[in-house]
Structure formats: structure tokens, C-alpha cells
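With the hints as a guide, bring both chains together as one complex.
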Amino acid sequence: MEIRSPDFAKNSSRALHDAQLQRALGNVKLGFIAKRRKAIDKLPEFERLRDEARAIKEHTLKHLDLYLEAYEKKVLEAGGHVHWAADARDARRIILDICREADAKTVTKGKSMIAEEVALNPHLEQAGIDVVETDLGEYIIQLRNEPPSHIIAPAVHLNKEQVEADFRRCHTGLPDGRDLDEPVQLLGEARAVLRQKYLDADVGITGANFLVAETGSSIIVTNEGNGDLTQILPKVHIVIASLEKITPTLEDASQILRVLARSATGQEFSVYTTLSTGPKRPGDPDGPGDYHVVLLDNGRSAMLGTPFEDMLRCIRCGACMNHCPVYHSVGGHAYGWVYGGPMGAVLTPTLIGIDKAGHLPNASTFCGRCEAVCPMRIPLPKMMRHWREREFERHLTPVVQRAGLGAWAFFARRPRLYHALTSMSAAVLRAMAGRKGRLARLALARGWTRFRDLPAPQGRTFQAQWQSGKRA
Amino acid sequence: MSLDQHPHVGLFITCLADLFRPSVGFAALKLLRDAGCRVDVPRAQTCCGQPAYNAGDRRDTAAIARQVIDAFEPFDYVVAPSGSCAGMIAKHYPDLFDEKTREHARAQALAAKTHELVQFLADVINVEALDVKFDKTVTYHDSCTGLRELGIRDQPRRLLASVAGLKLAEMEESETCCGFGGMFCVKYADISDHIVAGKTDFVRQTGAEVLLAGDLGCLMNMAGKMQRQGSGPEVRHVAEVLAGMTDGPAIGEADG
Ligand code: SF4
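Line by line, the protein sequences are chains A and B. Per our numbering, the first sequence starts with residue 42, numbered consecutively. Per our numbering, the second sequence starts with residue 67, numbered consecutively.
Hints are all accurate, no fakes.
To give an idea of the interface, some chain B residues facing chain A are shown, with a C-beta separation under 10 Å as derived from the structure:
no.	residue
1	Val107
2	Ala118
3	Arg124
4	Gln133
Simulated crosslink set (DSBU-like; lysine-lysine; CA at most 35 Å straight-line):
no.	chain 1	residue 1	chain 2	residue 2
5	B	Lys233	A	Lys70
6	A	Lys397	B	Lys157
7	A	Lys76	B	Lys253
Read the hints as simulated data drawn from the structure, not as lab findings. Don't be surprised by glycine CBs; every beta carbon is placed ideally from N, CA and C.
Bound conformation, chain B alone (with noise of 0.2 Å):
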């Protein structure tokens, strides 16, 4: 691995950025490149395999981890704008191979350089402030893998906290689901709209103007309940405000 001042980071785009909110993936491009980083974005990632392995499916999980591993050994890093996504390849992928084959070593090998957006940015880079402005109230909702499977929870706050104009309001339970949980929100769709319209109720009660979190599953759940609903925050993903990258419509809002 070259542990220069400009490591290689191989963007996983994510399956949700990659079709809704491209804006995402270039705000991360934006976000590693001024963090000193040479970013390249392979052609050959579809996704991290969550889908089929929430499913069961190991068989259709393994292949397509294959193909992420594939795709991505070569960089010194690879970097998700999700933390459940970066969560899939650092904490599961090496459970989808058997234990002293190759295949296991490659995704250990993987995983142990696999990191969520932010958490990069704040842990591994160092990256103590950034130069962007944003005068608004701002409340950010832990998604669950990222919080649970890879300890972010300070590392966004710390970096907001360096965002000239921008003021914090925690909303309470944070750090409660969302209910979108993949599959779970079609599968069991009203269970879920319970818990997300419990989740909305808070973030109301902070009175902020922009919600903010660092999985777009998540945030497309809370941003189409909110619409749904007829009240409530804009709603943007973190890596957005961080790079300064907020003056497209907010997710789920009309053009211009």
C-alpha cells in the first residue's frame, strides 16, 4: 500500500447514490480529492450485495462480493458515502468465504481498508475542519449500521462543528431506526411507516431546517415521509453539506 501523502481510494459509489443522487457521489469526490486523495470510480461495481444477504442469499451475495473485491483490490482504500454499505464489505464480507481459503484472505484484506465516507475523512485522513459555509440549523439523524457496526458518531459532529453558519440541534433518540431497513420498509411496509412517522415527529420538534445523515437509504425514507406528510426539513445527505455542494434542490424536492 502506498502510504504516501496521496493515497488511492476506490469510490464505492452505492447502488442508492449511483441512481438518485449522483450530487452524493460527487460531493465525495470532491470532499477525498481535497483531502489530498487520487479517487477513481470503477465501472465494475453495481452494488454491496445487502439486498441478497438480508434476503438469505448467500449464493448471489458471494458472487457479487467477488466482483467487488475484484474491482477493488488494487486501491490503497475504498470509500462509501454509506455506512451500510461500507459496513457490508468491512464487517461481512469475509463471513460470505470460508475461513482459510483465499477468497476469505482477499476479503479480509478488503475489509480492513473499507471505510465509511466521513469516518475516512475525520480518522484515517485527519481532516480536522472544513473551509465551506452553511447558514443553517441542521439536525442529523445516526443510521444504524454506521453508528452500531463502525462507531460513527462523533466524526460527523466534529466536522459539521467546522462548517462556518452551521448550528446543530439534536433531535431525540438519534440514534433510533429509521425504518427503512431495506427490504424490511416494502416488506412489512407498515411497521415501518410506524416507526418512521416516530422518527419524523422528532425531527420536526428540533425545528431545524435541513436533516442530515450519512446513509441515503435512510434519508430517502424520512425525506418521502416528511413530503408525504406535507411538513418538515429539507432533507440532504451530510457529504453534501461538507463540500459545500448544497445548491441543487434538497432529495425528493422539485428543480430550481
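Bound conformation, chain A alone (with noise of 0.2 Å):
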């Protein structure tokens, strides 16, 4: 996919003054945050879960090569074949040339972040093949040619009205005059689109939310059950998934489940977790002839032992995006590439390199809440603060920004030259601001200025005062 974070900052004002996205935005906001509060609010073990969590993820990192060479034999001992991509040309190449073997027309795709991140799609549509989404919300975006905007609800930056306009550009062939009001309606007729393609599917594609070392089953969360039916009814079924899916057993697979949905969407559990495990047995009634997991590294084993290996326990609930003020004011699209949100402003720079990304762990207020809500305990604005430590070891930290902190910093380090500085700054700012209290513009401080008035130093400053003992 192509790579607009470098533009972040225009991406961003563009948000803004997007008023479909805003009032789509002003939904996230409400639904997601509340809904989560009542899901918690319900289990006082919440936080001792989440501390089991994070343990279970902590240990399993400690011991990745492990637990993935022991996924990787059962898998093979049920039949499965496993595949390790490097990196996403890798990835591309297996799955295209499992497609190839398999003669595929149609594929079928459940939802995946992993997917997105190696650009799957077009690379398959190039070949010729044809790739149907169907997972609603990948569905619509994928109708519109866009990248989705979160990572559990890829088309939360739409209005029904816009949903319901693409149904009626695309599904040609149905009558003009069909009731599409109700939300039920339109995903009554995207199901009936996809069922056809369903059976046709000669490959059907999913991630995996989680990858059991135990016994070589891929796990998938869904609510739509339409992952069941992608990877159950066509004869190859490949799974996609990154390292750090892996869980030990099945037992820790469960802990996690415990607070994934709570975190992502206030459900106490998503309504379809299926299990695969390799090809279709026999005596078994259906499932795939073919079973093929591709495990993608691309630049994950190398964060192992960086102050950001904690980012691998991340399980993609998409808490930290859904309690973001940045994320909440400019959407997934502005950050520019796959991820979003604090995950994503953490993630991205590993992936694709913190001089393109270098916007994305720079815009937060560090307000800390992503770190409050992240199930795993993710301390991501400690690791945004480690971007921005590189980026200023780099000199990628923009000129003006730095010779103004360097001035400052110069000033910071010398109390006395630093007293002169502010004693005078508080007399020339509140000549300025003359009776009123306050400064509606100034020149050094224009990104203040621009949108709030300055309040006027109240007169000199603190440490003056104390000093000749006015009133110490």
C-alpha cells in the first residue's frame, strides 16, 4: 500500500475539515468507550487479567524460536504446510504461488492486518485473480478502493448514507428503488452478494488472532462468522499471520480471549472463535484439502531485545486507537499507512522507517491513555518517546524545533541567566498585552496564537518576587 505518513500533517488538516469523516469519528468516540466501561466495569478481575495477559506474552517472546518450532511441527504432523516469509515480498510471492498451483480464479478473504501490511490484494488482482473481502466492513472499503482506518472496524470512517450510495454503484443488476435505510438491509444484500462468491472461492485467505503452539490451530475472532465460512469452504486454505500470534497452549490462548473482545468492543466474547487445524481429515464433513500457514517476520524478530519488543504482545484490539484524542480528531486515513493510532505510531516507524513515519510519535499529547486501556500493558507513549529519542540522535528532528530547544535548553541549564530571560519576557509580554490580560497574537508564538488567545503574565515573575520578599 502506498506510504502517505510523510504527509501526515496535510493528511491530518484535511481530516479536519472533513465533515462525513467528523461525524463519523464523533461515533467511535461514544460507542466504543462506553461500551468497553460497562464489559469492565462487569469483571473486577479485569486487571489481574490483564496482568496474566501480559505475563503469558512476556514469556512466550522470551521464547519465540521455541513455540514457533513447535507450532510449526504440528502443524506438519496435522497435515498443514508452513511457510516463513521474511519479509512482505516473501509473503507475496508464497500466497501468489499457492494460488497458481491451485488454479485459482476467486479467492476469498477473511479479515487481515497482515494482509493489508504486505499488500496482498493488489498483488493478486495483478495476477489475474480475483479477491473478494468479506468481512463487511474490508468489503465496503475494498468497493471503494480505499485502506481500512482501524484495525478492527476498517470502515469506521464511513456513514450508512455512504455505504448505501457505493451498494447502489456496485451491486448493479438489483432494482434502483430498494429500500436500503436500515443498516440490516444493507448487510442483508452484501450477504447475499458474497454468498455466491463463497462457493465459487477456490482459495480462501485468513489472519489469525491467534496461533496455538499446542497443537498447530490458528485461531480467528470474528463477528460475522464469515471467516468460517472463507476458510472452510474453498479446497486451499491459507492462514497469514505474523510471529507474535503465537500462545503456547490453547489454556493461554483463552486467558487472552478473556480481555481481547472486552478491550476491542465491550463484548465479553466475539461471536464466532473458530479453530483451524490443518487440511480436512477424513471421515471429516468438510474443510479444505489443502492447509498452508505463512508466518510473516518482516522486522518483528529484530525488534526482540529494542525497548520496543514490548509492541509484540500488542493483540490488535484497537483500545488505544478508540480512546485517542488524535485518532478521534484526524481518523485512521491521516496516519498515513496500515496502522493507526498510538499502535500504529509505535509500529509504523519499525516497518517502514521512522524517517517516513517520523510524524506519527510525535503527534501525541502523551495524554496517556492508550497505555491505561491497552490490555497488554503496552507502555506506548514511553516507546513514542524512544522514536523521537532516535530521531533527535538522527538530527531528524526538524531545524527550527531544534535550535528552539537548544536555546531554551541553554537558558534551562543557567537559573541565574534563565531568571534575567523571564523577568524580562514577563515585562515585554505584559506591555504588550497592555490591560487586557491577555495576547490575541504573537509573533514567536504563532502556532499558539493562531487558535487561542495568550493569557498576559500576571506581572513579575514568581521567583522575583520571592527574591526581593514582597510577599514571602
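And the structure:
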């Protein structure tokens, strides 16, 4: 997918002026936060479950190689194949090869952020394969030729009316006057259109929320059941997942599942939790004849042992973005690549480079709400700050900012000079404000005064007053 | 540490209160002294270093932190009228130095005795009520660092409840960020503006006459926005109300 992260500032100001988008984002804010709160208030042991979920992932990451090998062994025993993809290009090649071998004309797909990360769809389409997204949100954005704007709700940037217009545009052959006012009618229509595609598909591709080393199973959670049809009906099932999706046992996976849906949508559990282990066995009523797992690294193993290792605990619940004031303001597309919000601000620079994604870890108020709600207790602000430190070290910080900071730090490190400077500033600002008590414009603080007044200093600085003992 | 009834407190004035609103410092002084503390204000303080820290400049941050540690080490407690600055010292200073060094140990010792003002009064000195009056309806914004790093939520509400005549009207989403974020508000000014505009809507909806919070950064941001918008309550630091020092103009308001 095209990288537009360097244009974050431009993307975000466009987003701020997009009335449709702003209306849709209003719903994110209200819906997700309240539902999560309600689910968690009902579960007194939630905080303990978070600790346990974190401990499971920490343990797993410490022994990642061991569990990955154990997982591979189990998949092979079950009659499946495992492919190791070092990067996005590898993953695309492997999957296209499997599709070609199956002589695939149509591929159905469950929701997968990893497929987005490796830009799978355009690659398969270029090879003449018809790729059909089966998750409703993904299906909608596929019709619009847009990337997802949220990791669990890919079309959350859209309003119902926009979806209705897309359906009328794309589902030709249906009566023009049909009623599509209600969401359930839109859902019904998408279902009917997709039904035939499920039956036509030669290959089904799904992501994975968990890979279980103990059994060689992959687990997906969905609310629509589309993943089940995607992986059961076609003759070939491909699972694409990144390395860190591994968990040691089924018990571990179910532990983490207890925090996943609650954090994501406020559900106790997603509607469907589906396990798949290898191809159809003799006597099974259904299932694919061939079962492949593509394990993607794409820079993840290099994060082990670095300050960014904690990010590998992420279970892609989306709670961080659902609670982020910046995400609420600009939506997911402004981040300019696959992952948005706080998790994207940390992860994107590791995947596409800090030189391209430099804005992302900077565009945060450090309000800390992401970390407060992250079920895996990932210290997101701390890692964003790590990125800022790397930028600073590599002199990627904008020159003006760096110079300003340098000048400020020069004085901050010299209290006597600093106090002389602040005394002078207090006098100057106060004189400029006159009796008004505030400034509507100040050249040196244009970023501030563009949108707000600047309160003027009350008078002499505290230090000056304290020193002269005036009020001590 | 002299754990007598008159602990020696070093007041960390904060760069914003020093320059823009010294009355917050004097309110803090009064509150601390009324609570029986001996208070000093070291001259060798400038800022906690957060602007450099959040810009990724660890070297300058560490230099500033050393200066603060030197200046405040002798006190029983360090108290700041800001959750953000107190959080910087209490939660981040130790991270600036290599573990097992003497500097790290000193940073940890300072961190352990550093508190935000209202939290210090309520939780450390155990002040339960204040003998002041404020006949107004107020609403209270929970500043992010104080709330999430230091757990400040009930303390200001508890003390405000003891102020005669004061009524608290809670706003919706009092725990949502105001969009200040230090340099964020000038670097990503339009996003910051969008966030603060949402915040000030919630503030006005309460019908409160006064907006309070414990951090001048947030307060100046919200006051400046409402003044630009031309409507909204007056804005003050919570310490001014708790100390009964509300005679002067509110933040950004004209004299007299
Ligand atoms: S960083 Fe945490 S909150 Fe955000 S998606 Fe990952 S697990 Fe969820």
C-alpha cells in the first residue's frame, strides 16, 4: 500500500475539515469507550486478567523460537504446510504461488491486517485473480478502493449513507428503488452478494488472532462468521499471520481472549471464535483439502531485545486508538499507512522507517490514555518517546524545533540567566498585553495564537517576587 | 528525613507558574504553610526538563534533572502545583540515568519524595478540610499526567467539597485530554485546536462559573480557547480556590 505517512500534517488537516469523516468519528468516540467501560465494570478481575495476559506474552516472546518450532511441527503433523516469509515480498510470492498451484480464479478473504501490511490484494489482482473481501467492513472499503482506517473496524470512517451509495453504484442488476435505509438491509444485501463468492472461491485466506503451539491451530475471532465460510468452503485455506501471534497453549489463548473482545468492542466474547487445525481429515464432513500457514517476520524478530519488544505483545484490539484524542480528531487514514492510532505510531516506524513515519510518534499529547486501556499494558507513550529520541539522535528533528529547543535548554541549564530572561519576558509580554490580560497575537507563538489567546503574565515572575521578599 | 510536624518542603514552582501566574505559587505557599510545612523555593530551579524530554533530547533533560536533584535533595519533600512536573520528577527522572549509578539512586530518592500539591495535602499531610469560602459553581478537569501517572482524581474533589459555598458540576469526559500536550499544541496546532474545542464544549455544557484544574498548561490552553471563542467560564488553578486567593483576575482576564 502506498505510504502517505510523511504527509501526516497535510492528511490530518484535510481530515479535520472533512465533515462526513468527523461525523463518523464522533460515533467511534461514543460507542467504543462506553461499551468497553461497561464490559469491564462487570468483571472485577479484569486488571488481574490483564497482568496474566501480559505475562503469557512476555514468556512467549522470551522463547519465541521454541514455540514457533513447536507450532510448525504440529501443523505438519496435522497435514498442513508452513512457509516462513522474511518480508512482505516473500509473503506475496508464497501466497501467489499457492494460488497458482490451485489454479485459483477467485479468492475469498477474511479480515487480516497482515494481508494489508504485505499489500496482498493488489498483488493477486495483478496476477488476474478475483479477490473478494468477506468481512463487511473490508468488503465496503474494497468497493471504495480505500485502505482500512481502523484495525478492527476498517470502515469506521464511513457513514451509512455513504455505504448505501456505494452499494447502489456497485451492485448493479438489483432494483433501483430497493430500500436500503436500515443497516440490516445493507448487511442483507452484502450477504446475498457474497454468498455466491464463497461458493465460487478456490482459495480462502484468513488472518489469525492466535497461533497455538500446543495444537498447531490458528484461531480467528469474528462477529460475522465470514471467516468460517472463507476457511471451510474453498479447497485451499491459507492462514497469514505474523510471528508474534503465537501462544503456547489453548489455555493461554483463552486467557488472552478474555481481555481481547472486552477491550475491543466491549463484548464478553466475539460472536465466533473459530479454530482451524490442518486440512480436512478422512471422515470430516467439510474443510479444505490443503492447509497452508504463511508466517511473516517483516522486521519483528529484529524488535526482540530492543526498547520496542513490548510492542510485540499487541493483540490488535484497537482500544488504544478508540481512546486516543488524536485518532478521534483525524481518523486512521491520516496516519498514512496500515496501522493508525497509538499502536500505529509505535509500530509503523519499525516497519517503514522512522524517516518516513517520523510524524506519527510526535503527533501525540502523551495523555497516556492508550497505555491506561491497553489490555497488554504496552507502554505506548514511552515507546513513542523512544522514537523521538532516535530522531533527535539522528538529527531528523526539524531544524527550527531543534534550534528553539537548544536555545531554551541553554537557559534552562543556567538558572541565573534563566531568571533574567523570564523577568524580561514577563515585562515585555505584560506591556504588549496592556490591560487586557491576554494576547491575541504573538509572532513567536503563532502556533498557539492561531487558535487561542495567550494569557499574559500577571506581573513580575514568582522568583523575582520571592527574592525581593515582597510577599514572602 | 525529619518526619516531625513541620516537614521541610521545597516548592517546585514550575516554569509556567513562575512566568505566567505567580499567584499559583503563592497559593501553594499558603496551603503548605497552613498545613504546617516549612517552605523554601530554591533559586536554582528553572523547569523540570519535560520540553527536552518529550522532544527526545535526553542529554539536556539529564542535565536539567541533575540541577533539580542538586537543588531539592536537602528537603523532606518536593511539591509542585502541577501533576505534569511532579510526574516528570517522580516517574521519569530515574529513567534518565543508568541503573546502579549513584545518580540513579539520587534520582530515585528524589522521585520518592516528590508530590503534586493537592495530592500532597490530601494524602501525605492528611488535610481533610479547608477553612475557605467560594460561592460559585465550578467544574474540574482531570489533567492527564496527574490522573494517569499519579492517580489524582478524588483528592481535589475531596478538598473542594470542603470549601464553603462551592458546588461542583462534573463535565462529561473530564478525563479526556484537553489537547495541550506541551509542544504538541504548537507543532500540531490544528489537531490540538480540534481537541480543545471539544473540551470547551463539555466545559460550557456544565453551566459552571469557574473551570478548575491542577496544571497551568491545560488551564492556559482551555482559557485561551474559550477567550478566543468569546464564551465560557473563568479559569483558575485549583490551588487558588483551595487557598482562598481568588480576588485577582482569572487566567487571561483583564485587571480589576
Ligand atoms: S497496543 Fe494495546 S490497546 Fe493498542 S491494539 Fe495493541 S493490544 Fe490493543
